[in-house]
Amino acid sequence: MKIDRKDLLSRIKSMKESGYSYLVKITAVDYKDHLTALYFIRDISKNKEELLEVDILSSDAWLPTIIKEHTSADWYEREMSEMFDIKIKGRKSGRLLLEKWDGLEGPLRKGFAWGEEYKQM
Amino acid sequence: MEGEYTEEEFQIAKKEMDQLVQDSLKGREIKPNVMFAKMSDISRAISVSKGLVKWARVNSLWPMQFGLACCAIELMGFGSARIDAERKGYLLFRGTPRQADVMLVAGWVTKSMVPEVKRLYEQMTEPRYVIAFGECATCGGPWFESYNIIRGIDQVLPVDVYVAGCPPKPENLFEAMIKLQEKISGKIED
Amino acid sequence: MPITKINIGPVHPSTHGVLRLAVYLDGDTIERVEPHIGFLHRGVEKLAETRMYMQNHPYMEKLDYIAPMAYDEAYVSTVEKALGIEVKERAMYIRVILLELQRIASHLFFVGTIGNDLGQMFTLFMWTYMDRDKVLDLLQEATGSRMFYVNMRLGGLVSDLPPDFEKRTLETLEYIDNRVKEYEAFIEKNPVFHERMKNIGILTPEKAMDLGVTGPVLRASGVQYDVRKNSPYYIYDKLHFEMKILTRGDNFSRYKMRLLEMRESIRLIREAFKMMPEGDALGMPVKLRMPPTKNKEVWISREAPKGELMMYMVADDQKPYRLAIRSPNFVNLSAIVHMSKGLRLADLFATLGTLDLVMGCVDK
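Protein chains in written order, with my numbering: chain D, 14 to 134; chain Y, 244 to 433; chain X, 1224 to 1587.
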């Protein structure tokens, strides 16, 4: 279901109280004018799964953190912010996968110029 | 709280760790020993004349395992019970580079891993050889267009034997080591 | 005492892969552990957007190189759901048989490397690798390759099983059944093993669900979740499948969980062979144009040997627009930050070994 960025924290809190306590994955998709962040949450005892979609603009990409409700969101958020160049507000972020001296910012965006070194070979 | 730290703290922690490793390598001085100098003169005299030392060097190559990825599983298969590596003299897959002769690079090498590969190669004692095992170490493999890998280990180290396959069967590695032995003893030209 | 920092560098003589741990020690007790990953990152999700559907199979297999067929099968199921293609019935039975053989091979590798992590190098590993070679021989007869078998096509398989496959499989399974009983007998009579593995690295069920761990790690803590039982796929609802649960949540339960799963897999293969129908099992051959897309946004879950694997795909014309992979090893590794408080340094490796990590899947 599609929700807004300002409803995200309250919706996740209310879902956790009603039993959805297992976070499966946080990821994002880059459509060319906007990004969509995806949150997969599951209720293990009743065996139901829910997908939350949040639309954000590419030039104004930031999201609030949900680390206080689900501890497993820590590494997922770091990976998403590193791959898509999205700022996560409310926590201290750190890099996980890539080194800073490579000069890579957001490799999974569609406008990323890659493969240039191999084209020159 | 666990896991929350700023980017500066991450960089500081990384620099400290690298500094720690480099400091441990720096303060090592080996004072020349008189007996040691005499032994090295003797062994140099023997090896020039193609004698006992060369026979020992050719027939007991000790590999150092540097298995990074999928080819490491076939490397372990090379050392295990079906295709036994110890019967030909390649004993004891060592974890330390100080006691090894051959470095078997198996798996793709990323840009984060290049300083470690160079540091390990410089720690091996001479004479030393390198075998590029698998397609990712030869030419980059299926990840040729990726943004984070090195296309072939021979952009960083001098390689003696290349083994093709994805992954190569352990029998291929057996033949590669035999070819390396022939190359050391001078039967094949470079 | 002042806190010392130790760097357990990327190259170390264990068999997990390339992982750097920064350990902060207070004497011999660990205060904090920070894993640094990313030494094997090659951008599989970005590369998968530039290839057509059938060209992506080798990329998916090289994520987890100990049980590659599980990942390939998950990808093929995603594409089948997106294009609206049904799997033939005999192909379903053969896929389940090959997947359960893959699960046995992966857990045998785990039993070998737990010996490496506890300190005795390579004795137990030689025994179990010999058994794993026998299972890989069976898979080589069915598919043609020892390690990376690209034998899934849309709607079925590349080729049917060879003749006499059933007889040879049942002989090998009986041999492995006896070997598993031997391993259990001589490993668990050892009092040192009990001392080092019981009551160490305990995960309570609430903390396990909060940390998001999957697979045998979750079931050894008492949570009842298995994808094959909760949302069954292929023929798992027709077979008599029992889910095993252990409640203590320490290293010993995680090790015992995988032995019980191996026994369950052997029983499932024997039952599937009796129920298999005759017919056609070949899938769609590789064509120049695949059929048009029916569902644009799909996601499925499968039970890989390491945990629960979920793939999410947004389908474009002939290639995926975005392929997101939820790898079980990524989440299991992030649990070590919580589990390692108060352990000694030698216990850290035993705990890390029971999580059963493959570093190729952690940095995709």
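Since the hints were made in silico from the structure, they are not lab data.
Predicted, not measured: the structure shown is a model, and the values here were computed from it.
One or more hints might be untrue.
Said to hold, decoys possible - With the Cβ distance kept under 8 Å, some of the chain D side facing chain Y (calculated, not the full set): (1) N60; (2) I101; (3) K105; (4) G107; (5) R108.
Claimed, not checked - Facing chain X, a subset of chain Y residues (Cβ under 7 Å, in silico): (6) M260; (7) I316; (8) S323; (9) R325; (10) G338; (11) S355; (12) Y390; (13) P410; (14) P411.
Here a beta-carbon is modelled for each residue, glycine too, at the ideal position from N, C-alpha and C.
Now for the hints, and whether the structure bears them out:
| no. | hint | verdict |
| --- | --- | --- |
| 1 | N60 | 30 Å, violated |
| 2 | I101 | 11 Å, violated |
| 3 | K105 | 5 Å, holds |
| 4 | G107 | 5 Å, holds |
| 5 | R108 | 6 Å, holds |
| 6 | M260 | 5 Å, holds |
| 7 | I316 | 6 Å, holds |
| 8 | S323 | 4 Å, holds |
| 9 | R325 | 5 Å, holds |
| 10 | G338 | 3 Å, holds |
| 11 | S355 | 5 Å, holds |
| 12 | Y390 | 6 Å, holds |
| 13 | P410 | 6 Å, holds |
| 14 | P411 | 10 Å, violated |
The structure fails hints 1, 2, 14 (numbered hints given earlier, in ascending order).
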